[in-house]
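I would like the entire structure built from these sequences, with the hints used as guidance.
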Amino acid sequence: MKRACSYAAAHAASLADPAGFWANQAAHLHWNKAPREVLSQDENGHFRWFADGEMNTAFLCLDYHVQHGRADQPALIYDSPVTHTLRTYTYAELLDLTARFAGGLRELGVQLGDRVIIYMPNMPEAVVAMLACARIGAIHSVVFGGFAPHELAVRIDDARPKVIVCASGGMEFDRIIPYKPLVDEARASATHQPAHVVVCQRPFVKAELQPEVDVDFDTLLRAEPVPAVPVPATHPLYILYTSGTTGRPKGVVRDHGGHAVALRFSMEAIYDLAPGEVIFTGSDIGWAVGHSYIVYGPLLRGATTVLFEGKPVRTPDAGTFWRLVSQHRASVMFTAPTAIRAIKKEDPDGALARQYDLSSLRHLFLAGERCDPATYEWARQVLGVPVIDHWWQTESGWPMLATLAGLEGMPPPRAGSAGHPVPGYDVHILDEAGQPQPAGITGLVAVKLPLPPGCFPTLWNDTERYQAYLEPFPGYYFSGDGGYRDTEGYTYIMGRVDDVINVAGHRLSTGEIEEILAAHPAVAECAVLGIADALKGQIPVGLVVLKDGHMIGEETLEQELVAAVRARIGAVACFRQAVAVKRLPKTRSGKILRKTLRQLADGEAFALPATIDDPLILDEIRAGLMRRGIGLAFESTTAA
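FYI, in my numbering the residues of the sequence shown are 2 to 641.
Calculated from the structure, these hints are not laboratory results. Heads up, the beta-carbon is just placed ideally off N, CA and C, and yes, glycines get one too. Some hints here could point you the wrong way.
Stated by the list, open to error - The calculated label-pair distances, taken between Cβ atoms and stated as ranges, are: (1) N25 to A72: 50 to 60 Å; (2) D620 to Q68: 29 to 39 Å; (3) K207 to D463: 37 to 47 Å.
Unchecked claim - Derived pair list, reagent style DSSO-like, types lysine-lysine, alpha-carbon separation capped at 27 Å: (4) K312 to K346; (5) K596 to K346; (6) K312 to K596; (7) K312 to K537.
See the structure below:
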């Protein structure tokens, strides 16, 4: 199904004539007012795409497909083993729900430009709420259901929503989490007070509704349906707050026009997904991946998207993802490397995958953090399809580096590499002075301006902090990641610049050491910390999680890992200690909280990250480090 255009030609054209390239891509979409001004700059000097165009993302996701013969095609498959629910929504059904809920929001006073916070898990009503906001030009901000009340309050005060839409509760494995008390607590501590809270009642947990403020979700669905409102292409579609922040978070803004053009292009060129085909993205709608590739990207393409409420393991077992691919005949799967590592840990031989018919699957895409070669090779061998690690960020909204499955002449994926620059992205590896680094030398990853459509044009009400992305290297967007490019043009992202440690003057990537540890047959996943050392400045320490069923003594494991690092990097790494732990602390998207771990080991004060999945993990790791005499004095795992 590859397009006739070659990768090399497409990428070259996108850099030589950005306006012309993206004008051609924009022509694939329906515009209420076709843009003539494809690329321009705003009053702050920031690049904007399709500034004089008008369109509506929800119309493109739903109405357009209903009008063009896809009314009865499945748009959304909701599969929730935690609530024992399976339901399919056609494009016509999803359009009707969205149009009615949009009418209900309008009856509550939500108008063009108003903000709506959505505080829900992966459930169909959350998708309806997102699309309904887009339909009337309101700006949604999805916050994880179950997020801490303080963090929700911070986002309420920053976005100043007119309405909050929440579920009565969520379910984690067999644990019920009521959401409404968390919302009430957040509202009590927030300065801004939303006019209404719309509550979607779930069968397993009922919320008490307060008169005049709280409204039942189903009440809004009884409203008269409303048509999609054409909005300027530069009108904000959503605000997505970055994770791990303290104080006021950064709200990444995505606009209607550039976002729609970029995502439609990516579905075809990167993911090789045709209209009518099925994509399963194992993520959460609270993350950029969920926004782009559970909701908007597949629906813009006229495909079918699987909305999964559950975890890759224990719902009910480590074969859940393979069951989803088989049952729903998914052509493309997208998830985070940490999900694959979790599956690998519980099913190291991949036996569960062999219980399912995975013949529909063409590609597995991985993103969210760097995929170590050991995990990459395991997935490739178990699934028997190309595994594509690719790189992007909340700020970009879609991939910057990838192996584009939908274009001809694309170099094949390679373990450890995130691939090649996607059309529209001019990716450079620079030194600290902004000079290009030669092949094989690690540097700072920056993207030459203008960024293509779909990338964030600004931060919500915060142009000063937006400038911080542009100031380190004038004319470039600085990603904050380090990496290198090999002699064949493959780019390797080694992690955040914060994850580079200085050992006696030698700069070492913790990602490179992690790659070595992860290759050990007993290791399911790992994290390497650079902890303070009076003599060498920093020394690396490994935290490793063992695969289920592997019996190896901690001392033997440590000796083998030290020998492996010495063989690959040398004595200069000073890697001498590895600690076996039961789990690693992660965000809900699966990113390992390496900075928090380093602060913990160094005895530094730190704020408990709002996005951590289980704070008790830090106490377990603290005990393990203390048992081995690693790190400095510990006062508390939740220091201010």
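Against the structure, the hints come out as follows:
Distance hint check: the CB atoms of N25 and A72 are about 29 Å apart, inconsistent with the given range 50 to 60 Å. At about 56 Å, the CB distance of D620 to Q68 disagrees with the hint of 29 to 39 Å. Between K207 and D463 the beta carbon distance is about 39 Å. The supplied range of 37 to 47 Å therefore holds. Restraint check for K312 and K346: the C-alpha separation of about 14 Å stays at or below 27 Å, so the hint holds.
Of the pairs offered as hints, the one joining K596 and K346 holds, with about 24 Å between alpha carbons and a cut-off of 27 Å not exceeded. Distance restraint check for K312 and K596: the Cα-Cα separation of roughly 25 Å lies within the 27 Å cut-off, and the hinted pair is therefore satisfied. Proposed proximity of K312 and K537 is contradicted: the alpha carbons are some 41 Å apart, above 27 Å.
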